[in-house]
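Kindly generate the complete structure, drawing on both the sequences and the hints.
Line by line, the protein sequences are chains F and H.
If you want the working numbering, it's the position in the first sequence, counting the first as 1, plus 5.
If you want the working numbering, it's the position in the second sequence, counting the first as 1, plus 1015.
Check the hints yourself; a few may be wrong.
Cross-link-like lysine-lysine pairs, in silico, DSSO-like; alpha carbons within 27 Å at most [said to hold, decoys possible]: (1) F:K106 with H:K1127; (2) H:K1127 with F:K95; (3) H:K1039 with H:K1095; (4) F:K13 with H:K1149; (5) H:K1157 with F:K106; (6) H:K1157 with F:K11; (7) H:K1149 with F:K72; (8) H:K1095 with H:K1050; (9) F:K87 with H:K1127; (10) H:K1157 with F:K95; (11) H:K1092 with H:K1039; (12) H:K1157 with F:K13; (13) F:K129 with H:K1127; (14) F:K129 with F:K87; (15) F:K87 with H:K1149; (16) F:K72 with H:K1157; (17) H:K1149 with H:K1089; (18) H:K1044 with F:K11; (19) F:K129 with F:K95; (20) F:K87 with H:K1157; (21) H:K1127 with F:K72.
Computed spacing ranges between beta-carbons, pair by pair [what the hints assert, rightly or not]: (22) F:D66 with H:T1146: 33 to 41 Å; (23) F:N44 with H:T1131: 27 to 35 Å; (24) F:S46 with H:N1079: 36 to 44 Å; (25) F:D49 with H:P1109: 24 to 32 Å; (26) F:D130 with H:M1137: 40 to 48 Å; (27) F:H109 with H:T1146: 28 to 36 Å; (28) H:S1076 with F:G110: 44 to 52 Å; (29) H:G1073 with F:D49: 37 to 45 Å.
Computed far set for chain F versus chain H, every beta-carbon distance over 10 Å [as the list claims (entries may be wrong)]: (30) I16; (31) R21; (32) G65; (33) A74; (34) S89; (35) G105; (36) A108; (37) G110; (38) T114; (39) S117; (40) D130.
Don't read these hints as lab results, they were simulated from the structure.
Each residue gets a CB set at the ideal place from its N, CA and C atoms; glycine is no exception.
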Amino acid sequence: MALQDKYKTLIDEATRSEVRGLQVREQNGVLYVDGTAPNGSVKDQLWNTYNQIDPNFAGGDLVLDIKTAMDATTTQVTVNTKSSNLNIRKGPGTDQPIVGKAAHGETITLVSRSNDQWWQVRTKDGEEGYAYAEYLSADA
Amino acid sequence: MKIKQLLPIVVLAATLSVSGCKEKDSAVKTRVEEKLNANQETAGTMVAITDGVATLTGEVSTENGKMESGNIAKGTKGVKSVVNNIMVTPPAAPVVITPDDPMTLALRDATKDHPTVNASVMNGTVTLTGTISKADNMRLMKKISALNPGKIDNQLTVN
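Written out as structure tokens, the structure reads:
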């Protein structure tokens, strides 16, 4: 219960921001907060709150797994790498050969999200492969 | 004179009836509790009996368990009526944690763009060492938190 008090602001904020399927569970001294945010900015806001409560995430007592809701009809995603090109690989994993690249800020076609971490995409040149989902956003 | 003679008897009778009633409540309470505890769905219910009125409190995990507790109490000899204040709290499913082997592979992908970070996993706990910028620290934490770790021990020096 002490952890739920520590992260009360975060949990309240998640509830207020209509995070769907919000689950707050405590297990072996770690608090797990899961859910799906209605958009990317709600997710970012929750992470900022987390960082305020636990500076630099050094506490090791929270696992915040907030996904971003995505319309099933979404077919275009934007590459949100820091500045570099995004590698597109033959299979899901960095051990897979690179089959193509997409530029920072480029919009590419989303083929499938069958894997949570690796989404199947197609560039405008028609190269198809897998890209790391964290570097793709639907808020085009 | 007659009244004086009768008084001790009246007092005695009154005492008996009061204590008798009390005893009855506690006996009914025991009977209800035994029945409730024998049923997995209704165990966890607390009972209080006052003059034959059973008040049920506590927590059970299903709506059916709450209803069943009420029925059990109602059907017990000596219970005149039931006040059902039981709370239904469904149990949370346990957190699923990624086993170490697939986590090792996932960490390699997640840290690929953070060459100054070393990540390892042991019994579900992901340990991060090295140095990182403040913005990248949040990026990395977002990536790793999505991998269902048991715990993230972030020992990174943030600069």
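Numbers of the earlier hints that this structure fails to satisfy, in rising order:
17, 18, 22, 27, 32, 34
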